[in-house]
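Chemist: Please model the entire structure based on the sequences and the hints provided.
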Amino acid sequence: QRLGQNISKQGRIELKRKAVRYGEFKAYLKYQDRVSMYQRSVQAWEKFKVIRTEIKLKLRSSQERMNEWSQNVEKSDEVYKIKLEQTKAQNPSLANSINTLIENHRDEIEKIRKQLRNKKDEEKQRMENVQDISAQIEKLYHQLGTLDQNSNDNQSLDVEWNRLEKQRNRLIQESHGLRLRGEQINDDLRKLHTQQADKQCELESIQSIRLQHLQLSDPDSYKAVIWYRNNKNLFRKCVYEPMILSLNIENQNMANYVEFIIPKRDLTAMFIFEDTDDMKLFINECHTKQNLVVHVSAIPQLTLQDFKTQAQPIAKLKCYGITNYLLDVVNDSDPVLCYLCETTKMHLIPIADESALESIDSLINNKELGFTSFFMKNFCYRIVTSCYSKQISSTNVQVQTHSFLTDSVNQQRIQQLENDFLSITQEQNQLRNDYRTNQDEMHRVGKELDAVEQRKIVMNNIRNERTGAERKINEKQKLLAWYENTKLDMANEEHFSHEKEEKIHQDTLKKLVDHCGYLNYHQCVDLMIESVRLAVSRYEHEKAKADLEENTQNFNKIQLEGVTKQNEMKISEIETRIWARIITELFEIPLPGNLSLFMNQILGQIKLVFHMYPEDKILSKLPIISLTNTDQGRIATNKTSAQLQIITFDDGLTLSEVIS
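Under the working numbering, residues 93 to 752 are what the sequence shown spells out, in order.
Just so you know, these hints were derived from the structure itself, not from any lab.
In this text, a Cβ means the ideal position worked out from N, Cα and C, and glycines have one as well.
Don't take every hint at face value.
[Claimed, not checked] Pairs of lysine-lysine residues, derived as DSS-like cross-links and limited to a Cα-Cα distance of at most 27 angstroms, are as follows:
1. K400 with K372
2. K329 with K381
3. K592 with K635
[What the hints assert, rightly or not] Per label pair, the in silico range of CB-to-CB distance:
4. K283 with Q522: 16 to 24 angstroms
5. D453 with D312: 41 to 49 angstroms
6. A390 with Q522: 42 to 50 angstroms
7. F471 with S300: 15 to 23 angstroms
8. M582 with R547: 50 to 58 angstroms
9. E545 with D224: 33 to 41 angstroms
Modeler: Structure below.
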């Protein structure tokens with residue numbers, strides 16, 4: 093086991109060593125790449141120097157020819173002036189004639205040369221226009237390619253636009269339906285408000301009438317009601333006023349039964365309290381302090397539902413002609429109804445119709461029914477069981493016409509109106525939410541449509557720009573074709589101008605011969621020959637001047653390119669030096685005293701380290717460069733090339749500063 097651990101440890105050490113070696117080899121490859129880049133920049137620099145030398149030689153040759161023809165022009169002009177003066181000195185009249193001919197000759201020659209210069213300027217302007225139009229066409233094609241890339245989404249935008257347009261139309265229809273539904277609900281709400289207001293006015297009117305009845309029948313109770321209404325804030329819980337003010341009977345035919353069964357004291361003077369402290373406060377104020385005769389009671393402990401469960405289901409009693417219980421025809425708050433159930437047992441008193449006459453004996457004698465009284469046809473039937481004989485007897489008393497519960501309001505209708513109002517209000521709220529959701533959705537779709545519309549506008553602009561660019565390209569191409577068709581052959585034009593000058597010289601010579609005669613023939617011939625020589629010298633001088641300007645422009649252009657290539661070579665050399673320094677420091681190879689970075693000895697040491705890697709051909713081509721100190725600064729010398737390459741650094745810079 094220990095042997096295995098040692099072997100594993102050695103393997104890890106070996107792997108770590110190989111990993112480090114591969115990292116060094118990576119740096120070495122980086123160095124090789126920098127050396128290759130440097131060699132390419134050096135080769136490019138050498139080629140550039142050859143081209144520059146050629147252009148420089150052409151420039152020098154053009155300058156020499158320019159100087160030579162300048163001297164020829166000066167010399168020809170001087171000789172021509174001498175010959176002219178000699179000719180003028182022979183005869184003044186002849187001199188005047190010669191002057192006229194010469195002036196005409198000069199004007200014609202200058203006119204021809206001016207035409208040639210104009211044609212040269214036109215050709216130069218045409219070439220500049222051709223270059224400018226070609227550049228504009230290339231720019232327009234580039235712009236057209238960009239527009240083609242940006243206009244690919246036009247079809248997808250149309251599809252998205254149609255989808256959003258359909259969605260917006262659907263939402264608009266839904267919004268229209270929701271508005272119509274909202275208007276209908278608002279109309280229903282207005283109607284319900286009107287009906288509720290009418291019922292409320294009716295209820296207030298009935299309460300006002302009953303309050304007047306209470307004032308007439310029981311002044312003490314009336315005063316107590318007024319005091320309570322003015323001092324409601326003194327009570328913690330609800331206090332129920334006398335029943336005459338709150339009882340409501342929809343069917344006025346049943347009001348006689350209700351008023352018959354309820355004692356007048358309870359109907360006009362009974363106050364019912366939910367809290368005993370409130371009841372004590374009321375007694376102390378009304379009875380003790382104001383000496384008012386009123387009655388009070390607390391609400392029963394049983395609920396209204398508890399009382400209703402004590403009665404038999406009305407469905408079982410319909411066979412006897414019983415339609416409902418007396419409690420079913422009365423509307424009031426639950427505590428008041430509970431009090432009435434506890435005191436009057438109205439929840440156990442049935443109301444029968446005329447059909448009960450046929451079974452009235454069964455209704456009275458049936459002990460299982462357990463009735464003690466019931467109402468039928470304005471009579472109250474009371475059933476009594478004898479304590480001794482257990483026989484059942486009945487008495488009937490005619491019910492008097494009611495005097496207090498004269499008016500009533502349909503509470504079920506009010507409740508129905510309230511329920512309808514609540515339902516429609518909820519529906520209205522739901523409709524508002526739906527409408528708000530619809531509007532939000534329409535707003536979102538509108539934003540998306542606006543975005544798509546903006547993109548379509550951009551696409552239309554791009555399409556218009558594309559059409560405009562294509563139109564401009566066609567126009568520019570036509571203009572370019574016209575310029576190319578109007579190209580001048582300057583060699584022919586110069587040759588043609590030269591022939592015209594020769595013809596003018598010949599014509600002038602003939603005229604001079606005619607004027608001067610045979611004696612002056614030789615002098616005139618010499619004068620014309622010198623004139624022709626002067627014209628030819630000027631023509632060659634202009635031609636050499638144009639050639640010199642062209643070579644000067646080429647030389648200036650190649651000079652700027654040379655600065656760029658020289659900077660690239662310097663940067664490449666510095667990067668090569670940096671990676672050489674990295675490799676020498678990585679392998680701890682000491683640098684010689686003369687700061688030589690690429691010695692064959694160092695390369696040999698590095699090559700031995702990587703002998704197991706594939707042979708690289710770059711090693712045999714690496715330059716050997718050394719730095720030495722001179723009066724002008726430090727220079728770097730390439731010892732492997734045929735030429736001596738010198739790179740001068742600024743004074744004060746060390747090699748480490750140059751490398752960094």
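Chemist: Does each hint fit the structure? Answer for all of them.
Modeler: Do the hints match the structure? See the list:
1. K400 with K372: 31 angstroms, violated
2. K329 with K381: OK: K329 and K381 at ~22 angstroms, within 27 angstroms.
3. K592 with K635: 18 angstroms, holds
4. K283 with Q522: 16 to 24 angstroms: 19 angstroms, holds
5. D453 with D312: 41 to 49 angstroms: 47 angstroms, holds
6. A390 with Q522: 42 to 50 angstroms: 44 angstroms, holds
7. F471 with S300: 15 to 23 angstroms: 33 angstroms, violated
8. M582 with R547: 50 to 58 angstroms: 54 angstroms, holds
9. E545 with D224: 33 to 41 angstroms: Since the Cβ atoms of E545 and D224 sit about 39 angstroms apart, the hinted range of 33 to 41 angstroms holds.
Hints 1 and 7 from the earlier list are contradicted by this structure; the remaining hints agree with it.
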